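Enquirer: What follows is the residue order along each chain.
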Amino acid sequence: MATKVHRAAKADARPLPDERLKEILYFLKLARYFDERMEALYRQGRLPGAIYSGRGQEGTHVGVAYALEPGDSLFPTHRDLTAQLTKGLDLKRVMAQFWGRIDGYTRGRDGNSHIGDWYGAKTFTVMSHLPIAYPVAVGAAWAYKRRGEPHVAMAICGDGATSNGRWHEALNWSAVFQLPVVWVVNNNQYAYSTPNEREFPVPTIAERAAAYGMPGVRVDGTYVLEVYEAAKEAVERARQGGGPSLIESVSLRWRGHAGHDPATYVPKDLLERYMAERDPVRTYEEQLLAWGVVTKEDVAELQARIEREFEEGHEFALASPFPEPGDVTKGLWVEDGYWRSEPGRGGGTEAG
Amino acid sequence: MATKVHRAAKADARPLPDERLKEILYFLKLARYFDERMEALYRQGRLPGAIYSGRGQEGTHVGVAYALEPGDSLFPTHRDLTAQLTKGLDLKRVMAQFWGRIDGYTRGRDGNSHIGDWYGAKTFTVMSHLPIAYPVAVGAAWAYKRRGEPHVAMAICGDGATSNGRWHEALNWSAVFQLPVVWVVNNNQYAYSTPNEREFPVPTIAERAAAYGMPGVRVDGTYVLEVYEAAKEAVERARQGGGPSLIESVSLRWRGHAGHDPATYVPKDLLERYMAERDPVRTYEEQLLAWGVVTKEDVAELQARIEREFEEGHEFALASPFPEPGDVTKGLWVEDGYWRSEPGRGGGTEAG
Amino acid sequence: MTTATVEAGAAGHGAEPRGKRTEDGQATYLVAIAEALWEEMERDDRVYLLGEDIGVYGGAFKVTEGFLDRFGPDRVIDTPIAEETIVGMAVGSAMEGFRPVAEFQYADFMSSGFDEITTVLARYHYRSGVPLPVVLRGPSGGGVRASSFHSINPEPWFAHAGGIKVICPAFPADAKGLLKSAIRDDNPVMFLEHKWIYRRIKEPVPDDPDALEPISVARVRREGRDVSVITYGAMVHKALEAAEELERAGISAEVVDLRTVYPLDEETVLRSIEKTSRALVVSESYRFVGIGAEVAATIAEKAFEHLDAPVARLSPPNLPVPFSPTLEDAFLPQVADIRTAIERLSAW
Amino acid sequence: MTTATVEAGAAGHGAEPRGKRTEDGQATYLVAIAEALWEEMERDDRVYLLGEDIGVYGGAFKVTEGFLDRFGPDRVIDTPIAEETIVGMAVGSAMEGFRPVAEFQYADFMSSGFDEITTVLARYHYRSGVPLPVVLRGPSGGGVRASSFHSINPEPWFAHAGGIKVICPAFPADAKGLLKSAIRDDNPVMFLEHKWIYRRIKEPVPDDPDALEPISVARVRREGRDVSVITYGAMVHKALEAAEELERAGISAEVVDLRTVYPLDEETVLRSIEKTSRALVVSESYRFVGIGAEVAATIAEKAFEHLDAPVARLSPPNLPVPFSPTLEDAFLPQVADIRTAIERLSAW
Ligand SMILES: Cc1ncc(C[n+]2csc(CCOP(=O)(O)OP(=O)(O)O)c2C)c(N)n1
Ligand SMILES: Cc1ncc(C[n+]2csc(CCOP(=O)(O)OP(=O)(O)O)c2C)c(N)n1
Ligand SMILES: [Mg+2]
Ligand SMILES: [Mg+2]
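Protein chains in written order, with this note's numbering: chain A, 1 to 352; chain B, 1 to 352; chain C, 1 to 348; chain D, 1 to 348.
Okay, chain A solo, but in the shape it has when bound (with noise of 0.2 Å):
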């Protein structure tokens, strides 16, 4: 893997104020507790559904999220959960949707990462097909420069999902078109089990920028600040009018696909070097301690107040009750009012 040397690193420049610089350790931090309570849950099958952790990959999550602005747009997959809660995701409503409950985005509908917050966060609600959101992404992305808005479509896969015919399109559309959207690239060097010699045949997915016409990059996704100094170039360049941007953000993939998978395929000193060397969240939090920007006080309290909400929202979730069954059939249509009303909160119960 060659990946550069972190930029931010060497010039031990700061590109954001202390403040921004400590909420990132937050997302990053909360992103980590949270995958791996969840894990946890899951594991002693307390947690109904499936979960696809992003552990190892909070640099890019982070990073690539945490350049949009709040009106612009995010299309990400089932293992973008991280990005999504950087977005504005609020972590009560996340949780009662793991738990298949009404307050949970999809209002019991979907489950786990398959989640999305239009109105609020401005993110795509997930779905499975790989990269079904990309051609989305390049909707939005027009609406935003037909009408002069200065907003940002960003949308993420894996390094597997370029495979994918999709992927292609969406690329070429955009940049037919000129769209302001940033094109991001989770390459956590796995797709399930397959590497990433068996997904594409040259050495990076960022060179593929070329065969489009636009500008891309690799990064060190392991390392959330240079991810985001990309991420933020590249959205100014879109919201400037500048066009797509390909990024490639490369970190490993620490856990399996999903919770069922030992992922016992990737190799065993691949993923001990990567967690001991280059964890996106000790990293970070040992550079904020050494520039001085947090003290161990002030992590230890991000960490509290981070195992505080998640006991709230893990609350919340087992508070709200499912959806009613009679409402099976609700919300399709626009004219049934469902989704403009207050849900029915009569529930009922898994047993059914």
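Honestly, the hints are just simulated from the structure, not real lab data. Hints are supplied without guarantee of correctness; some may be wrong.
Where chain D lies over chain A, by a calculated footprint (3+ residues, C-beta under 8 Å) [to be verified]: (1) 107-117; (2) 127-141; (3) 154-164; (4) 184-193; (5) 269-283; (6) 326-339.
No farther apart than 20 Å at their CA atoms in a straight line, the calculated lysine to any residue pairs in the SDA-like style are these [said to hold, decoys possible]: (7) LYS22/A <-> ASP90/A; (8) LYS92/B <-> GLY129/D; (9) LYS330/B <-> LYS20/D; (10) LYS232/B <-> GLU36/B; (11) LYS296/A <-> GLU307/A; (12) LYS302/D <-> ASP308/C; (13) LYS302/C <-> PRO317/D.
Everything numeric in this text was worked out from a predicted model, so none of it was measured. Just so it is clear, CB atoms sit at the ideal spot from N, CA and C, and this is done for glycine as well.
On the provided structure of chain A, position chains B, C and D with the ligands as indicated by the hints.
Expert: For chains B, C and D with the ligands alone, kept in the frame of chain A given last:
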């Protein structure tokens, strides 16, 4: 348009023995004559269905197909009938196909250039959806590699079809697996009415080969020998285990997208320039005359032979019966034996 | 957002499709569709068109001829050959408040955008509450010797997907009124035009730009006593022809034009069966798991007590639409087939 | 091309799936499927597997665990995430004489390969005479809290396409025998496994590597006198449960397991209706234009004289399979729903 100067012309080198150079002239002239005559019949209302003219692109079609051996397979589109003829389709059966007769290659089940002859000329029966045969060529190429057979698959599509996701999937896959396949793009500068710059954002399609780590070359499709040499090189590389290649062959579509289209969207001077200076049939004929490979008499003889063959084909087609209406459901399942038996020749009339 | 004044005379670049009506003011089905698009674009500038060759060229069937000059390239968008992204573009812009109308050059190529249609467009609102006012339109149907890849009737695939309304009009006025309703609908709508009808059928169509036809309302096209023929699209015309012929033979057939195939107007269908007690369901979509199957099953379940005969179905077999005239004629239900089926039912 | 000797003990890398049977020799549905694949690969080296994560990982559901070690990377191919090309690769290699079996990680992702499936695979032989012995397989169905994108029942889409046989087995022995028949069939076959059944149902399965189950032959799973329940897939198990319960209440329900949904074994269905005169059609695929619609319409047309009650249908509404247990349970037909429907029919 920045195609290179004719390589062969420059060198005054003859890449093939005279007999084969003459055979190429035959295919070029056959294609041109066929195209013109069929259009005339279409305009007179004497030809049913649709026609997709390949005029102006004969250099591309003959050039790439002539580089194939009988055991190699060809996966063409609606526009590439000339390539199929070059690969060995029987003109009589082609014409029976156009007239919907039982002796057409599809036994009347499909029309015009939606044709193919897998067990003879080894060509795929064309489907409209673009570029739907690209992924299929992957499978044939894989079969050759897996069996260690010295065969190559070649697929052709248009410039517009490269915007479609399948194009990317097939190129990517072929490079990951290093398959013996040659990807040809017949860049005739228009996709129906849509010019190149509305289909892709880079100057050439050939340069996109880099995104797949394969060799890519852009050739002058109006000069058949340049096309042939590039195709031959790619085919032989594939045959030797050198993997896939991309060839972009540039010419101009002289006629409308289909018979009904006057193509007024093509700039008149562009068209006139191509017709005057870059006629792939005339320039090649002149070259062979200049080289002394053929005499004027040879050319006249060739032309007479072609006209005779066309008349014979036309007569054959009109004499061939329509399929029997009662056979309409036959041939769907292999076990009904339809395709292994002689077709019923009782026929029916158009009036039904 | 005002209605344009009607320009008299032949339509050309930038001129209204109304100029293409016949001298006595009738519109073909094709012109009626163009009028609907034009009027809705005049009315609501969130409406825009996208598709292959719809701008400079005016569309493969010339439905959008003149639109580019009138509405400009921001609202009449020539796209790359990328159907997945045509749909994605429509969805994304609808999420941002636009009301896209995407043309598929042929309905056959909807299969090339199938995943974005059935996975995103059909399911997004139910899961997110975000309305997607997207119209997908395109020429469907056979009978014009265009063979397998230019003749499909994809309505069963998309009616099954759920979450997309599917409209298959048979007449110019319906086409106009229903397309306008589709564009104003907040849900995804698939609007399947029939290319055999395009230039064959004409009639007077409303001038009032707010004259709409309701979605999911079938229409009795011909009253009858003995047998109900339930059908839609080009087959309505065949059924009417068969009914005319049988009238002379003393058999009275009612013809119900579904107009919308999903969601289905069960009531109008069932009311007709209550009257005639005999049902023939005719569809141009394949027989197996086609629209005809659904209609027949609905009648069998909900009008059982009224039935005096089996619910008969007439549809093509599930195989590629063949090119040869002898084969295509054998493949598609013909007037004679419908007549025979009605006769058989009425003799039950 | 010889049959491998059975290795005793637990299956591991390169070991036969038979080693995963229970101690008394029963196989789960999942193991039965693995056995079918294994035996056919042993028998015929033209057979090969392709799909995402089927090799090194052994497949998302571990159906092909151990196959890579036994058959090598030339015959167990991990592919990119490119469903169109998975199908294209299968088609192209079948044209060259191979017999590919492609796994879709979930049947949901068949929509991502829809165009190559319905445009190429389904239509190629009819137009060209070139047989395409391709099997597409994958886990379908709901009831496992996997929500919209991991629960689909795509059989109506592909049964409608024509040219592809569609199999939906409910039992291990059927799964094994039918998959073997599918692989030996010269036509395209879609083999839809049901993930709810995978590890839930086990039974003895044949050891003879040439024991096949015939395609397009339904099977009466339970004899009955009063009502016929026509169904397939996971719903067979629900129907059997309902029938058991009703037996005690004195109602005798016959359960017909279609096994193949296209082409349909009409004869077995109709014979059952002749006996019981009452039909309940249960499907897990959506109601509107679903398999249930076709079966009901067929019964209504061809068994009309035998019917003493309307042909009832029980299927989920056409909308995304919801995640929440309360919603998914309301969405899917339950044993109680089937019981109620049978009771209502038998009281008619
Ligand atoms: C079109 C499609 N095919 C198959 C799948 C099943 N699937 C889910 S995630 C996954 C691997 C994705 O890999 P990558 O794109 O690298 O994303 P990651 O999960 O590593 O973030 C696969 C094959 C899918 N979701 N969509
Ligand atoms: C997937 C798909 N969408 C749309 C069409 C309709 N169509 C037929 S040919 C054509 C233009 C093709 O242009 P190009 O690829 O450049 O090939 P050419 O016809 O110029 O040879 C279009 C849009 C199609 N055949 N397939
Ligand atoms: Mg990945
Ligand atoms: Mg072209």
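Enquirer: Now tell me if each hint is right for this structure.
Expert: Hints, one by one, checked against the model:
Here the segment 107-117 of chain A counts 5 residues with a CB under 8 Å from a CB of chain D, which clears the bar of 3, and the coverage holds. Counting residues of the segment 127-141 of chain A whose beta-carbon sits less than 8 Å from any beta-carbon of chain D gives 4, enough to reach three: the coverage restraint holds. Counting residues of the segment 154-164 of chain A whose CB lies closer than 8 Å to any CB of chain D gives 4, which reaches the minimum of 3, so the coverage claim holds. Under the rule that three or more residues need a Cβ within less than 8 Å of chain D, the assignment of the segment 184-193 of chain A holds, with 3 such residues.
Counting residues of the segment 269-283 of chain A whose CB lies closer than 8 Å to any CB of chain D gives 0, so the stated coverage by that chain is violated, three being the minimum. With 5 residues bearing a CB less than 8 Å from a CB of chain D, the segment 326-339 of chain A meets the requirement of three and the coverage assertion stands. In summary, the hint linking LYS22/A to ASP90/A is supported, as the alpha carbons are separated by about 19 Å, within the 20 Å threshold. Restraint check for LYS92/B and GLY129/D: the C-alpha separation of about 19 Å stays at or below 20 Å, so the hint holds.
Of the pairs offered as hints, the one joining LYS330/B and LYS20/D is violated, with about 44 Å between alpha carbons and a cut-off of 20 Å exceeded. The suggested pairing of LYS232/B with GLU36/B is violated, with an alpha-carbon distance near 29 Å, which exceeds 20 Å. For the hint linking LYS296/A to GLU307/A, the alpha-carbon distance of about 17 Å falls within 20 Å, and the restraint holds. Our distance criterion of 20 Å between C-alpha atoms is met by LYS302/D and ASP308/C, whose separation comes to about 14 Å.
Of the supplied pair hints, the one linking LYS302/C and PRO317/D holds, its CA atoms being roughly 17 Å apart against a limit of 20 Å.
This entry does not satisfy hints 5, 9 and 10, going by the numbered hints stated previously.
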